[in-house]
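**Student:** Going line by line, the protein sequences match chains A and B.
10 is the number that the working numbering gives to position 10 of the first sequence; each next residue is one higher, with no gaps.
272 is the number that the working numbering gives to position 272 of the second sequence; each next residue is one higher, with no gaps.
Read the hints as simulated data drawn from the structure, not as lab findings.
Computed from a predicted structure; not experimentally measured.
Honestly, I wouldn't trust all of these hints.
Using C-beta positions, here's what the derived DEER-type ranges look like [as the list claims (entries may be wrong)]:
id	chain 1	residue 1	chain 2	residue 2	range
1	B	W78	A	G160	41 to 51 Å
2	B	I229	A	G160	39 to 49 Å
3	B	R257	A	V18	50 to 60 Å
4	B	A22	A	V18	47 to 57 Å
5	A	D157	B	G171	31 to 41 Å
6	A	P121	B	Y227	36 to 46 Å
7	A	P121	B	A230	42 to 52 Å
8	B	Y227	A	G95	43 to 53 Å
9	B	H70	A	G95	17 to 27 Å
10	A	S132	B	N115	28 to 38 Å
11	B	G147	A	S132	30 to 40 Å
Ideal placement from N, C-alpha and C gives every residue a C-beta, glycine not left out.
The primary structure of each chain is shown beneath.
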Amino acid sequence: MRARVIAGGVVTSAAVLVIGWQLGGQPAVTAQSGAATGSTSGSSSSSGTGSSSSGTGSSSSAGSGTSSSVSGTFAGAATQTQFGPVQVQIVVADGKITDVTALQLTDRDGRSEQISQQAAPILRQEALQAQSAKIQAVSGATYTSEGYTTSLQSAIDKAGL
Amino acid sequence: MIDTARPTSTPPTTGPFRGTAAPAEPLEVAAVRRRRAGRRRAATVDLLGILAWASAAMAVTLWLVTPGSHSVSGVGGWLTDAGIVAGLIGTDLVLVMLVLAARVPLIDRVFGQDNAIAVHRSLGKPVLYLLLAHGLLLTLGYSASSGSGPIAETIALFSTPDMPLAYLSLGLFVAVVVTSLVAVRRRLPYEAWHVIHLLSYAAVLVALPHMLSVGSVLAHGTWQRVYWIALYVLALGLIALYRIVLPIVVTLRHRIRVVAVEPIAPGVVSIHLAGRDLDALGARGGQYGVWRFWTAKTWWHAHPVSFSAVPGRDRARITVRDLGAGSARLGRITPGTTVSLEGPYGLFTSQARTAPFLALVASGIGITPVRALLEDTDLRPGEATVLLRGSDTSQQYLWQETAALAESTGSRLYAMVGNRARSGESWMTEDDLRRGVTLRSVFPRLLESDLYVCGPRAWSDLVVREARLAGVPEHQIHQERFES
Numbered sequence: 001m002r003a004r005v006i007a008g009g010v011v012t013s014a015a016v017l018v019i020g021w022q023l024g025g026q027p028a029v030t031a032q033s034g035a036a037t038g039s040t041s042g043s044s045s046s047s048g049t050g051s052s053s054s055g056t057g058s059s060s061s062a063g064s065g066t067s068s069s070v071s072g073t074f075a076g077a078a079t080q081t082q083f084g085p086v087q088v089q090i091v092v093a094d095g096k097i098t099d100v101t102a103l104q105l106t107d108r109d110g111r112s113e114q115i116s117q118q119a120a121p122i123l124r125q126e127a128l129q130a131q132s133a134k135i136q137a138v139s140g141a142t143y144t145s146e147g148y149t150t151s152l153q154s155a156i157d158k159a160g161l
Numbered sequence: 001m002i003d004t005a006r007p008t009s010t011p012p013t014t015g016p017f018r019g020t021a022a023p024a025e026p027l028e029v030a031a032v033r034r035r036r037a038g039r040r041r042a043a044t045v046d047l048l049g050i051l052a053w054a055s056a057a058m059a060v061t062l063w064l065v066t067p068g069s070h071s072v073s074g075v076g077g078w079l080t081d082a083g084i085v086a087g088l089i090g091t092d093l094v095l096v097m098l099v100l101a102a103r104v105p106l107i108d109r110v111f112g113q114d115n116a117i118a119v120h121r122s123l124g125k126p127v128l129y130l131l132l133a134h135g136l137l138l139t140l141g142y143s144a145s146s147g148s149g150p151i152a153e154t155i156a157l158f159s160t161p162d163m164p165l166a167y168l169s170l171g172l173f174v175a176v177v178v179t180s181l182v183a184v185r186r187r188l189p190y191e192a193w194h195v196i197h198l199l200s201y202a203a204v205l206v207a208l209p210h211m212l213s214v215g216s217v218l219a220h221g222t223w224q225r226v227y228w229i230a231l232y233v234l235a236l237g238l239i240a241l242y243r244i245v246l247p248i249v250v251t252l253r254h255r256i257r258v259v260a261v262e263p264i265a266p267g268v269v270s271i272h273l274a275g276r277d278l279d280a281l282g283a284r285g286g287q288y289g290v291w292r293f294w295t296a297k298t299w300w301h302a303h304p305v306s307f308s309a310v311p312g313r314d315r316a317r318i319t320v321r322d323l324g325a326g327s328a329r330l331g332r333i334t335p336g337t338t339v340s341l342e343g344p345y346g347l348f349t350s351q352a353r354t355a356p357f358l359a360l361v362a363s364g365i366g367i368t369p370v371r372a373l374l375e376d377t378d379l380r381p382g383e384a385t386v387l388l389r390g391s392d393t394s395q396q397y398l399w400q401e402t403a404a405l406a407e408s409t410g411s412r413l414y415a416m417v418g419n420r421a422r423s424g425e426s427w428m429t430e431d432d433l434r435r436g437v438t439l440r441s442v443f444p445r446l447l448e449s450d451l452y453v454c455g456p457r458a459w460s461d462l463v464v465r466e467a468r469l470a471g472v473p474e475h476q477i478h479q480e481r482f483e484s
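Take the sequences, apply the hints, and build the full model.
**Tutor:** Below, the structure is given as structure tokens:
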């Protein structure tokens with residue numbers, strides 16, 4: 001009886017594993033230039049030591065009102081994570097974040113790259129909705145999410161929003 | 001008649017003295033039917049076993065279908081992924097262990113709850129090693145990838161959301177497994193062990209958040225996540241249903257209470273119970289229940305005790321020997337005490353027979369399921385042979401009842417009284433060992449019999465060992481053990 005269980009178990013397990021192998025695991029074809037990396041980010045930032053950031057924008061106080069309307073592109077600090085640095089850049093128009101692009105995402109290996117690419121659009125959407133860095137982490141991409149929000153917060157600080 | 005130190009035979013009585021009618025089904029036909037039923041049970045057991053294997057393979061597959069798993073590179077990558085796979089298999093086996101301990105009726109019916117617990121126990125240590133490897137490999141893998149040391153990595157992991165819970169879970173698993181090691185468990189009171197063991201539910205639960213948030217295999221919106229949560233729901237659901245809900249329903253429905261506590265030998269009491277529709281419990285002779293007596297001093301202790309008679313419509317009886325501090329108190333229970341019941345459980349019944357004849361061996365308090373089994377089995381004259389074993393004459397409780405049952409069914413009955421042999425490792429007395437008594441001399445049809453053995457663990461293991469050496473097939477051996 002025991003022999004039958006082991007034989008059956010081995011065969012069944014092997015079948016399950018082969019099917020699993022066939023089903024997936026390959027990194028997506030568009031691995032290199034992810035959709036999240038915006039086309040506008042001409043300045044490929046140096047990922048050297050932690051906090052390289054650049055801001056090219058214009059702060060202008062509009063006439064009578066006290067609310068400052070800011071416009072421009074602001075890059076957040078690069079945040080180190082387990083799986084590599086994460087850095088985002090925000091596009092601000094009249095004090096509103098209109099776009100978030102990822103300059104760098106976790107790319108330590110095939111999978112973390114894949115995870116980043118899954119998580120980035122979700123994080124971007126959340127950031128645009130919240131108009132802040134107080135957004136929910138994407139499950140399964142905790143490190144990316146943390147790096148993303150940290151960098152996003154520094155970009156927002158830079159813009160003075 | 002049976003209080004003798006020598007095996008004595010009660011000649012099978014036939015004709016007008018028979019108390020029960022022999023079944024009409026010919027012996028051979030019954031044997032074929034039993035053999036077939038036995039094969040069906042074995043096939044179901046095998047199927048369940050294969051399912052457990054497949055679930056472990058499925059856990060690996062969850063990782064295999066994750067993007068990037070086919071292109072693992074670097075020491076860090078390999079360590080990390082090995083850690084992930086260890087965690088997935090380990091957790092899957094933890095859930096298998098929960099199912100094995102859930103007292104699922106199907107598993108009890110085809111495999112026996114005691115066998116299920118034996119498998120549950122054998123999985124404990126391997127599972128702990130897998131979970132420890134999971135934590136260790138991931139820490140090393142991450143630190144190899146990021147270039148920081150393992151300690152810095154551990155600190156970083158601790159500050160990751162849900163990870164403190166994961167470490168807590170690991171700590172709980174260590175506590176649960178260590179307290180279950182034979183050497184440690186023997187020194188712990190049952191209750192302390194039990195309370196710590198209950199923590200395994202907490203361990204399973206607090207491990208879940210980090211799998212869903214930190215783990216990349218079970219990412220949001222994937223079928224893997226759904227599958228994994230479904231496994232959790234299944235395992236914990238079975239526990240909730242069969243270990244909590246069903247016992248409560250059984251207890252409320254049958255309203256069992258103590259009617260009388262009857263001392264039948266030094267340290268041995270028969271507890272007579274009354275309740276509603278007890279026949280609807282479906283208890284077969286040889287089964288046991290897990291009993292709880294609701295008095296201030298005894299409610300926290302559950303006792304696994306065999307029925308010493310087949311329950312009637314409103315009556316049941318169990319017989320207990322004070323083997324531990326808890327069961328010693330049972331002698332002082334007063335009539336009227338409310339009783340709750342989990343069960344009945346066990347495959348020590350005539351349902352498990354696979355052979356034409358029946359050989360019953362009981363020692364000490366092990367007589368209780370054997371007596372009930374004899375009562376519950378339709379027997380032809382000469383079909384069954386009973387051997388009762390006691391170390392002295394004070395251990396002959398229920399022997400008269402059993403002898404009467406043997407007589408009414410035309411079964412042979414032998415008795416063997418005296419301490420276990422000193423000259424060699426044997427389940428017999430010194431006298432009988434010298435006289436050359438063997439299992440086969442007591443049970444001439446041993447190889448065509450189902451052998452049911454109940455007694456102290458060390459003793460019954462010796463009986464079973466002799467049976468195996470004599471060539472009794474495994475499916476004909478039925479053993480119920482208790483710690484002496």
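**Student:** If a hint holds in the structure, say so; if it does not, say that too.
**Tutor:** Here is how each hint holds up against the structure:
no., hint, result
1, B:W78 - A:G160: 41 to 51 Å, "holds, 46 Å"
2, B:I229 - A:G160: 39 to 49 Å, "holds, 43 Å"
3, B:R257 - A:V18: 50 to 60 Å, "holds, 58 Å"
4, B:A22 - A:V18: 47 to 57 Å, "holds, 56 Å"
5, A:D157 - B:G171: 31 to 41 Å, "holds, 39 Å"
6, A:P121 - B:Y227: 36 to 46 Å, "violated, 24 Å"
7, A:P121 - B:A230: 42 to 52 Å, "violated, 27 Å"
8, B:Y227 - A:G95: 43 to 53 Å, "holds, 45 Å"
9, B:H70 - A:G95: 17 to 27 Å, "violated, 46 Å"
10, A:S132 - B:N115: 28 to 38 Å, "violated, 58 Å"
11, B:G147 - A:S132: 30 to 40 Å, "holds, 32 Å"
Checked against the numbered hints above, the structure breaks hints 6, 7, 9 and 10 and satisfies the rest.
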